[in-house]
Structures are given as structure tokens and as C-alpha cells.
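Enquirer: Residue-level listing of the chains:
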Amino acid sequence: MATGGYEGVVIAGVGQTRYEKRTEKTVQHLLWEALDAALSSAGFPMRRVDGLAVTAFVLPPDNVTVVAEHFGLEPRWLSQGAYGGASGVIGMLHGARAIQAGDAEVVACLTADVFDVASHMDLMDRFNSSVRDYLGPYGFGGPNGIYALHTRLYMDRYGATREDFGKQVISQRQNALLNPNALFKTPLTMEEYLNARPIADPLRLYDCVLPCSGGDCVILAREDLVASQSGRRVRILGGGEIHNFPVEDVFSLRGGWERFRDRMYEQAGLGPSDMEFVQLYDDYPVMEFVQLESLGFCPPGGAAEFLRKRDTTVGGDFPINTGGGQLSAGQAGASGGMIGVVEAVLQLRGEAGARQLRARRGMVSGYGMVAYGRGLSCSAAILAQEA
Amino acid sequence: MDLKPSPRLTAINQPFLRGCNRDELWLQRCVQPACRKFVFYPRVCCPHCGAGALTWEQATGRGQIVSFSRVFRPQHESFFPEAPYYFIAVRLDEGPLFFSRLDRQGLPVETNLIGRQVRAVFVQHTPEQRLPLFELS
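For the protein sequence lines, the chains are A and B, in the order given.
With our numbering applied, the first sequence closes on residue 387, and no number is skipped along the way.
With our numbering applied, the second sequence closes on residue 137, and no number is skipped along the way.
If you are wondering where the hints come from, they were derived from the structure by calculation, not from laboratory data.
All values derive from a computational prediction rather than experimental measurement.
Check each hint, because a few of them may be wrong.
[What the hints assert, rightly or not] Just some of the chain A residues that point at chain B, by a computed CB distance under 8 Å: (1) G139; (2) N144; (3) N195; (4) P198.
Don't be surprised by glycine CBs; every beta carbon is placed ideally from N, CA and C.
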């Protein structure tokens, strides 16, 4: 049975800070910049925010409650994402439920982080107790090592090649060249991709995200608070989350999205073929393949074949990660789970500049909380322009 | 040179870590007759059936490689001198998945290690703690 949809709630604003390889700014500063930009876009003053969903890995010892203090807010609903890169989408879905329940009227869904390669590796070495005690001491190589194992197994089981992953990485780089906020500014050739510095084989440099600094935000509001005018309101048609799936098998190569996708499509009254773009969680190309399969775009093991026949650039027949994704724009920690939400909303508001699609609806997915050998949390949502 | 990152000794994982210091691999096992599954990493309850009672049993130390990677860029400086090395996921004969390294280098680069049989060998990880690596059997 489909659970209720997200009626009565609109995405009213969107904001993103500058993405930078290094910054002197604190994470609180980036959170505020993203929030300020999104509030301007929504036309709400700061004091109108009465709900706040925040995810930022480097925020401790602070937390979402202290962020409210810092910003001078008096929220009646707070949430802090504990789902890594799945938190962006989940924060938005939970925020929408809070508005439906009357627990808040204007919810800011906010992520930011201040990272570089060294601080990212340091965090990942003690990300949670199963990583700290049962992976870190064995030299696992961070998430690169974990997803090297998944990539190796995926290639071995399904016959996908380095070139298959390369095609998608190169297409995202092309998309990034149309995004002024992407950190990578030059095209990538297959030769450069295949011969890049090895990190944890079969992964090489361009299979891995660039840890960076930045922040992202969307504003949700009760629909009667937002004027209905063209481009102003984006709807959540369906969504879902699942954690620790499948319980018994770290190396199933099945993604948790398959657990809730039918319910999500039923909520939306749409299917995979209705999606006009997909913003996938691209911590590693292999996870994009697993998401395409688990979200029903192709059968298990079929992503390489599916992508060989399609053009996933902005001008293509199946656009994926239209702003370049984390692989070419950069991974600002927890903002890696929000960059796809922001990109989807920009596309649906007609504010995507040189990379603007003609699209009325699309999907965004999240994935995260690396623990004992895999990410534990999967999320996704279907977003659409108001009809 | 920094010490390698070490597991934190807790009331839950003590039998495992003490066993390592005797060059023995100890796993938890569910006492429920309908379950009896082995468990790793150490937990407070059986993640297969949810029961609370787990005992400890010595494992064979044998298993099969599920997947592997040569790590060129370790996550911690203390591993840099050893890189590249093989990071591996081992399906222990008792069932649980165990992540570790191969203790020997010098394999031909194109060697596919998936499905290869391995056995645990214990090495001095820090002055206080020995840990299992694996070698091809």
C-alpha cells in the first residue's frame, strides 16, 4: 500500500554557496550563506524559519540546536541527519512531513562542510565505531578502499569495464563545464580517465570525489504561504528511505532503493520512464550503476549496457547529474547528499543557466553512512514543477 | 611515525582482541538453537535473530576472498610505507565477513584473488595489540 504523498508542501527556494577547494570560513558560515541564498530565493525573512534540518559532518561539538542559537532562530521543529549522504533527501522528506503535520510552516533543509583530502580521510578513519575498530586498523583506505571492493566485485560479476564507468564520469565532466560553481573546469578524456593515478584499484583518481568546502539549502513551506506563480513552486511527488538493506549481505550489489521504489513511484503516479533527469548520488561510479538498477531504470547488472546506449550529458536523451555531480563539482561533505536536490530544484525552477534542461520532473537519490563494508542509508525523491 | 590506528577495547570486543594477542581468532555465536549463527564484528545482540545471548568460539581462521583492492592511498599515514598493499574482504568458513590485508606482496598485478582460499596469520599491530592478516593457502 502506498503511504500518503507530500501534498500541501512546496519547495519554495534554493541556495548554494561557492564551492572551494579550501576556505578560511567555518561550517557555520557556509550553513548561513546557503540558508541566506535560499531564503532570498524563496522571499522569506530569516525569522520566518520555524523548522531546521541540518547535516554537517564537521559541525560537532555543535549541533542543529546550537545552529538555531547561532542564527537567532526560534524553531519548533529540528532534525539532524545521521544518514551521511542520504541525509539531504531524508531531511527534505522529514521536513515535508513536519509541515503536513502542522509542526512547522517554513523548514530550511541545510547541509554544509569544510573539507580537504586530509581532513576527509581523518574523519573517515573514525566515522563510526565499526569503521574505527574493524576497518581503520586494517588500512582499508577509507571509502575508496570499500568502494574499490564493490567496483571489483561488480566488474567481476556483471562484466562492466573501466570504460563503462569512464563514459559516465566523462559525461558528468561535460555537464560540469556548464556549471560555473563546479570545481573541475576542463574536459576529461577517456585516456586521462583510464591512466589517472591509481588510488585503490580498480579505482583511479577520477573515480573518487574531490573533498571540498561548500553548502546547499532548499526551503520547504506550507503551500498557502507561497504565491503560485511560474517557476516558484516545486512539488515532492514521492519519496522514500531504507537503512541497512539487505541486512544479511554487505556484498549483494543490490541497493536499498529497490525496497521502496514501487511505493515511491505509486505515490507519484509515475514510473522510471517518466523521469526527465536523474540526479544520482555519485560518491563512486559503481554506486550510480547500482542506483540505476535499484531504482528500476534497468535490471540488476544491466547499468553498463543501459548507459552504453544513452547520452547522459545535458544535451542527451537521459541526463544524469546535470551540474557535474560530486565527481566533477566536488563533494562538500554532507552537502554531497544535497547537491543533487539543489540541482534538481534549479532545473525545475528554470534557473540552471547554461545547463538548463526542458524538464518538468526528475529524480534525486541519496546514499551514505559508510559502516562495516558499505553505506547503510539509501534515499530518493521524485520532484516536479507545479502543473 | 604515528602508530597504526587501533581498535578500542570494550567490554563487548575484549574476547576477540585478547584472542588476537594469543594468535587465535575468536567469533561470537548465537546461542538460540534455531539460529546458532556466527557473528562478526562483535555485537551486544545477534544481528541475525535479535536474541541477546551470544557466546564466544574459536574460529578456524580459514576463509575465502570475496573481493580485493591494491590500496595505493591509505587513509592513515601509518600505512604509507606499506602501500600498495592488498585490502581484502574474507568470507570466513564460519560465515561472517572479515576485512583485513594480505600479508604478502609481490603477486602479479593482474592476479584475480576473488574466490581464493586464505588463512589468518597474526602480526604485531601496535606494541599492545596483535591483529589477523591473511595469507593465500
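Enquirer: Is the hint on P198 of chain A kept, meaning its closest Cβ partner in chain B is under 8 Å away?
Expert: Result: holds, 5 Å to nearest chain B Cβ.
Enquirer: Mind checking the CB of N195 of chain A against every CB in chain B and telling me if the closest is under 8 Å?
Expert: violated (14 Å)
Enquirer: Using the nearest Cβ pair, does N144 of chain A come within less than 8 Å of chain B?
Expert: The hint holds - N144 of chain A has a Cβ within 8 Å of chain B, the shortest such distance being about 7 Å.
Enquirer: Does G139 of chain A pass the interface hint, meaning its C-beta sits closer than 8 Å to a C-beta of chain B?
Expert: holds (4 Å)
Violated hints amount to a single one, hint 3; each of the other numbered hints is respected by the structure.
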